[in-house]
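A.B. asks: Each chain, written out:
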Amino acid sequence: MRISEIAKNFHGKVVNLKEDLDIKSVGSLENARKGDITFLANRKFLKKALDTQASAIITKEPINIDIPQIIVDKPDYVFYKLIDLLYPEKDSRAFVSDKVVIGKDVEIGEDVYIGDYVVIEDNVKIGNRTRIYPFSYIGKDTQIGEDTIIYPHVTIYGSAEIGNRVIIHSGVVISSDGFGYYQEKGKHKKIKHIGKVVIQDDVEIGANTTIDRAMIEKTVIGKGTKIDNLVMVAHNCQIGENSIIVGQVGMAGSCKIGNNVILAGQVGLADHITIGDNVIVTGKAGVMKDLPSNGVYGGTIPAIEWSKWKRILTYIMKLPELIKKLGR
Amino acid sequence: MRISEIAKNFHGKVVNLKEDLDIKSVGSLENARKGDITFLANRKFLKKALDTQASAIITKEPINIDIPQIIVDKPDYVFYKLIDLLYPEKDSRAFVSDKVVIGKDVEIGEDVYIGDYVVIEDNVKIGNRTRIYPFSYIGKDTQIGEDTIIYPHVTIYGSAEIGNRVIIHSGVVISSDGFGYYQEKGKHKKIKHIGKVVIQDDVEIGANTTIDRAMIEKTVIGKGTKIDNLVMVAHNCQIGENSIIVGQVGMAGSCKIGNNVILAGQVGLADHITIGDNVIVTGKAGVMKDLPSNGVYGGTIPAIEWSKWKRILTYIMKLPELIKKLGR
Amino acid sequence: MRISEIAKNFHGKVVNLKEDLDIKSVGSLENARKGDITFLANRKFLKKALDTQASAIITKEPINIDIPQIIVDKPDYVFYKLIDLLYPEKDSRAFVSDKVVIGKDVEIGEDVYIGDYVVIEDNVKIGNRTRIYPFSYIGKDTQIGEDTIIYPHVTIYGSAEIGNRVIIHSGVVISSDGFGYYQEKGKHKKIKHIGKVVIQDDVEIGANTTIDRAMIEKTVIGKGTKIDNLVMVAHNCQIGENSIIVGQVGMAGSCKIGNNVILAGQVGLADHITIGDNVIVTGKAGVMKDLPSNGVYGGTIPAIEWSKWKRILTYIMKLPELIKKLGR
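Quick note, the sequences are listed as chains A, B and C, same order.
Numbering-wise (our numbering), the first sequence opens with residue 1 and increments by one.
Numbering-wise (our numbering), the second sequence opens with residue 329 and increments by one.
Numbering-wise (our numbering), the third sequence opens with residue 657 and increments by one.
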């Protein structure tokens, strides 16, 4: 794709275009080489940009460097879209391996890919163009929508409804039993989990994340929500739409999380916590009480309003000096 | 099962029984529908109970609603037992797939289920009625008891003793090498781990949890202990009986945990920590010192007596105001 | 191996050698039995040493017990080396199972072991003496060096360069997509990840750890670095050489970690954090800012200089008393 084509495609203006090179690849400011295009998204990286070896740069404002510059409003956005253009998905062959084990009453759509050593139990439905990679296990009574990707080594115990355009990464476990026991004669007795898991359209679930089935009824991951690696979603949790759950977050049973929520890395939620819409919880915080919509919360345990925590933290960091000063 | 039968079965009294309906399923207060039975375990959910669409309710005291009510002492307990009755385990077929690879000197008990694509290495013993689901790997020198369930994608490296009625969920890794190195010429050299893992009867291990083998001797999970998802049990840890280890807990090497202990979500233990019996550690706390029996500990790092921490926390939360006030 | 041979082999002096027994195995001070050798690495365990039932002990100084003692400078080091001698790796057979699926343009070195139900996609190169255990998935365009071990159930999506003498434990996921999205019309759109993962020589990666591929360019684990279980390494992270990343550590995208760093258990790093060489971060700390070389950092969030944190912590723990005292 020539520089002028890229610019045209993204409605950008070209500056410094001496030679309309063919762009072969993308690179970072530091590592891009001849033939690569790079981008400057933030003026704090200007120095790196001035030293780049790239053959072209996508930038918001022209910079003082003698290579072709594509001027656009959102250089990072254009860069990401450009990657999609330069690296189209190659692997779209339809294929069902003869090493797949398929149970009874299984419906498989058109143009599906099912790799080697996949096991599909009874009463499963797989939508058109869905791709299931080797060693994945699809338990009984599972419906999978269209254009969904299930990477190698995913386990779905069964009783799951998985939407369209869902991406499930390797090592994910879905519909495992929730962690629930009742007491009988001083022993923990297993509460039977008969509920299911519903994963709505456009959800992505990161590697080695676990999503337990509901005790009764359902655990739900809402439309467009993205979950990172090694996250634990316990039984009966309900996560809204378009939320972001970052790596190693853990939520105990029956939490309700709204839409457009961000839970940063390693956040923990006690059981039965409700979090409203548009809430951000900063990394590592422990949420012990419900959080209303439209706020930023953080700290340690318990998570509190972020602005309040920042103020407390200032005092904590100066505590020895403050106490001494007051002592005098 | 008719309402009257349920009541009789659990020694409950029936109130409001106009029509002795056949109960088909169970439901929560909010989502139960006609034909379902629900339960009220806590008066704080009374309002929801009064609005329920269920056909019957299990409750401790009669409530002001015009549906049949089964009066019992522990409504939640009865509800869980009822699920067991209404949803008996269906899948108990004995079966050994022809896609199983079985090594030398393997003993397999009666009425065992071994699904497709299971690999069993040499010198393994599998007890009666044990079920091993697809893609599980049973390394050499492993003994598995009776009525144990190993879900898909479990890895047992070998040198493991697994008891009766144990449940191991998908993605669990057992007997992996502990994280131990010695220094030689400024490099980390691997300490060879020749120990084993012992998992006693009635243990349950959640999805994607890892239990490392001992450096020498054994890592032990005691009888009746329940471990949640994504937990890390390091080499040579010894967990007592009937304990509860909640999701994403991590324990470093050689920890000793007593009986009837509860480690809440995301708790971390330094190495060589000893925790007595009947101890509770609250979520996310970091245990840096031994904890004697019969206490509640919590906070951040280090975990301290919970009552003491609550008091400190009150002061932390008011720190800016307190300091200002004292300053005046 | 006789006691005298062990002593000679490690240049130790023997004390109390009445009978030059054949040592069959190793044991801890508490659990060693007749025929075992044990070691005393730390005087605080002297009492246990005096009670040991072992047939010999490795110790720095002679102790008051009537069994043969091998006197060496570093008893623990000698003990670990001795394990290597007493328990040589038995399983070194070369073998390629007929249940392996191998793609196009795959090069396999000499004396390789590839277990049952392994899938190797196109354009993969596997070095001499490398061992790949059952159910591992090697995605396309992957190079694996010599003498590397890949345990069961490892997933490598592809585009990975793995060095020599690398050990990858079960459940590890390599080259999964990083967690990156851009916004379009209020939705999270996936940023295509086209980068790769480079794992240099002598790295070990613990069970169920995830290492995401770079968005562009590469995620790197440096030579000799050891990573424990359930760790998350996000896209574009670069970890230096000889570092130690303990269980359940999580690092967000584009972190740079130096050489000889130790990140203790459950530490979390925000994105784009740079940590210098020879840094220690204590357990559970949250690193929110770059950390220069040669320091010890810790606490909660944010991680600060450990010595400073210890001082603050002392005040926090006495806060109620201090405030009361000042109030009077």
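If you're looking for bench data, these hints aren't it; they were derived computationally from the structure.
Among the clues, some could well be false.
[Said to hold, decoys possible] Simulated pairs of lysine-lysine, DSS-like, Cα-Cα distance not exceeding 25 Å:
#, chain 1, residue 1, chain 2, residue 2
1, A, Lys190, A, Lys223
2, C, Lys980, B, Lys652
3, B, Lys432, C, Lys755
4, B, Lys638, A, Lys140
5, A, Lys308, B, Lys638
A.B. asks: Would you mind marking each hint as holding or not holding in the structure?
C.D. replies: These are the hints, each one checked on the structure:
Note on lysine 190 of chain A and lysine 223 of chain A: the hinted pairing is violated, with a Cα-Cα distance of about 31 Å set against a maximum of 25 Å. In summary, the hint linking lysine 980 of chain C to lysine 652 of chain B is supported, as the alpha carbons are separated by about 14 Å, within the 25 Å threshold. Simply put, lysine 432 of chain B and lysine 755 of chain C have alpha-carbon atoms about 18 Å apart, close enough for the 25 Å limit, and the pair holds. Under the criterion of a C-alpha separation no larger than 25 Å, the hint pairing lysine 638 of chain B with lysine 140 of chain A is inconsistent with the structure, at around 47 Å.
Of the pairs offered as hints, the one joining lysine 308 of chain A and lysine 638 of chain B holds, with about 18 Å between alpha carbons and a cut-off of 25 Å not exceeded.
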